[in-house]
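Peer 1: One-letter residues, chain by chain:
2 protein chains.
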Amino acid sequence: MNKGRLFIVSGPSGSGKDTVLTKVFERKPDIAFSISSITRDMRDGEVEGQKYHFISREEFEKMITDDALLEHNVYVDNYYGTPRKPVEDCINLGGDMIVEVDVNGAAQIREKMPEAVSVFIMPPSFEVLKERLSGRGTETAEQIAERLANAVGEIARSVEYDYIVVNDVLDDAVEDLIAIMRIDRFKADRQTELVNEILNKAKI
Amino acid sequence: MNKGRLFIVSGPSGSGKDTVLTKVFERKPDIAFSISSITRDMRDGEVEGQKYHFISREEFEKMITDDALLEHNVYVDNYYGTPRKPVEDCINLGGDMIVEVDVNGAAQIREKMPEAVSVFIMPPSFEVLKERLSGRGTETAEQIAERLANAVGEIARSVEYDYIVVNDVLDDAVEDLIAIMRIDRFKADRQTELVNEILNKAKI
Chain A
7 MNKGRLFIVS
17 GPSGSGKDTV
27 LTKVFERKPD
37 IAFSISSITR
47 DMRDGEVEGQ
57 KYHFISREEF
67 EKMITDDALL
77 EHNVYVDNYY
87 GTPRKPVEDC
97 INLGGDMIVE
107 VDVNGAAQIR
117 EKMPEAVSVF
127 IMPPSFEVLK
137 ERLSGRGTET
147 AEQIAERLAN
157 AVGEIARSVE
167 YDYIVVNDVL
177 DDAVEDLIAI
187 MRIDRFKADR
197 QTELVNEILN
207 KAKI
Chain B
7 MNKGRLFIVS
17 GPSGSGKDTV
27 LTKVFERKPD
37 IAFSISSITR
47 DMRDGEVEGQ
57 KYHFISREEF
67 EKMITDDALL
77 EHNVYVDNYY
87 GTPRKPVEDC
97 INLGGDMIVE
107 VDVNGAAQIR
117 EKMPEAVSVF
127 IMPPSFEVLK
137 ERLSGRGTET
147 AEQIAERLAN
157 AVGEIARSVE
167 YDYIVVNDVL
177 DDAVEDLIAI
187 MRIDRFKADR
197 QTELVNEILN
207 KAKI
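From first to last, the protein sequence lines stand for chains A and B. At position 182 of the first sequence the residue is numbered 188 (our numbering), and the sequence of numbers has no breaks. At position 178 of the second sequence the residue is numbered 184 (our numbering), and the sequence of numbers has no breaks.
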């Protein structure tokens, strides 16, 4: 049986990454989503095991020691990470999985699983990015400037990814991501099994 | 303006490559097809400039000397080759082009244009390959054995390609090839212009 594949999806604040992913999962309910383990408190409306597993610092630190995480980061004094086992189980069973992480997390996963396919969701222009970040209307000018600086920092590392999908028209970006997941299985290095089978039979 | 892309398509006798390509061009009439220059005599039903340019040995040898070919081969005492200029003109104008060559030709083009995307059309199994090659009913057992040996030799080099499309169900293979041509433009290294534009504006 062919193994499944891990797709790493990143995108700065203002790229529309979350909306793209929501639509992709609506269209492709068979794709699994990697649930992060985090140590911060649960917020209103959040449900354990939906987007996050809420665990203690001690539990998290044990996972680090046990090398049980594909990546982890610290953000505002809390740990965020991707547990390794659910990803490996899914892939070994032939299933495809998406993990949503920032550029740091993506770099860590790439190191541990070089066969993962990474996609960066990109705003169509600097102007649109600025507009999307200002448009929320709930933040100060300083907060917007900080978000913008972070977004630009992430965009500078977008070249580390296999694919860049420009999110200008939402439905197009959704189609693009789905097509990437379809096409990646035709990469030549994923077809060695068939090639070897034909070559072996030809020798008989 | 973004440059166009060159797609190298190969596939052994029995892969169904020609049928796949005919359907792709029906669906995507905007994709250009590279016309080979050859020195053999024109056969019944062939038209100058449709699939081939029929030229003299002297003209062909001058093209070799002038480095005016992306690849060339000798087959049964005749030259076959891909003229460089029409390919470069098409790509510089932003158009996409398909060139159909064997594994040797593909390797030569890859060396001259490493950015070309290569796709190998693969039969779904050794049994189907054998059946397709025998099914023509117009050839001797020796001719079939020779074709089979050639096909297997080409399949052994399929790993040199970017993508392998298995032609089991014709319409699926056609869809796969079209999707590869769509998706390839999302490769991260083709988006440097947009990335640089955003980064430059962010500095202002």
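Since the hints were derived computationally from the structure, they do not count as laboratory data. Each hint should be verified, as a subset may be incorrect.
Since the list gives no way to pick one copy over another, a pair counts as held whenever it fits inside one copy or between any two copies.
Claimed, not checked - Below, in silico cross-link-like pairs of lysine to aspartate or glutamate (DMTMM-like), each with a Cα-Cα straight-line distance of 20 Å or less:
no.	residue 1	residue 2
1	LYS34	ASP178
2	LYS91	GLU106
3	LYS118	ASP36
4	LYS9	GLU199
5	LYS207	GLU137
6	LYS68	ASP108
7	LYS193	ASP178
8	LYS91	GLU145
9	LYS193	GLU166
10	LYS207	GLU133
11	LYS118	GLU67
12	LYS209	GLU137
13	LYS207	GLU64
Quick caveat: nothing in here was measured; it's all calculated off a predicted structure.
Peer 1: Hints first: check each against the structure and report whether it holds.
Peer 2: Hint check results:
1. LYS34 - ASP178: This pair counts as both: shortest intra-copy Cα distance 15 Å, inter-copy 19 Å.
2. LYS91 - GLU106: within (16 Å within a copy, 44 Å between copies)
3. LYS118 - ASP36: neither (25 Å within a copy, 42 Å between copies)
4. LYS9 - GLU199: within (12 Å within a copy, 35 Å between copies)
5. LYS207 - GLU137: Close across copies (14 Å), not inside one copy (60 Å); limit 20 Å.
6. LYS68 - ASP108: neither (23 Å within a copy, 55 Å between copies)
7. LYS193 - ASP178: between (23 Å within a copy, 16 Å between copies)
8. LYS91 - GLU145: Close neither inside one copy (38 Å) nor across copies (56 Å); limit 20 Å.
9. LYS193 - GLU166: both (19 Å within a copy, 11 Å between copies)
10. LYS207 - GLU133: between (58 Å within a copy, 9 Å between copies)
11. LYS118 - GLU67: Classified as within: same-chain Cα gap 19 Å, cross-chain 52 Å, threshold 20 Å.
12. LYS209 - GLU137: Between copies, since 17 Å is at most 20 Å while 63 Å is not.
13. LYS207 - GLU64: neither (55 Å within a copy, 44 Å between copies)
Comparing the model with each earlier hint shows violations of hints 3, 6, 8, 13; every other hint is respected.
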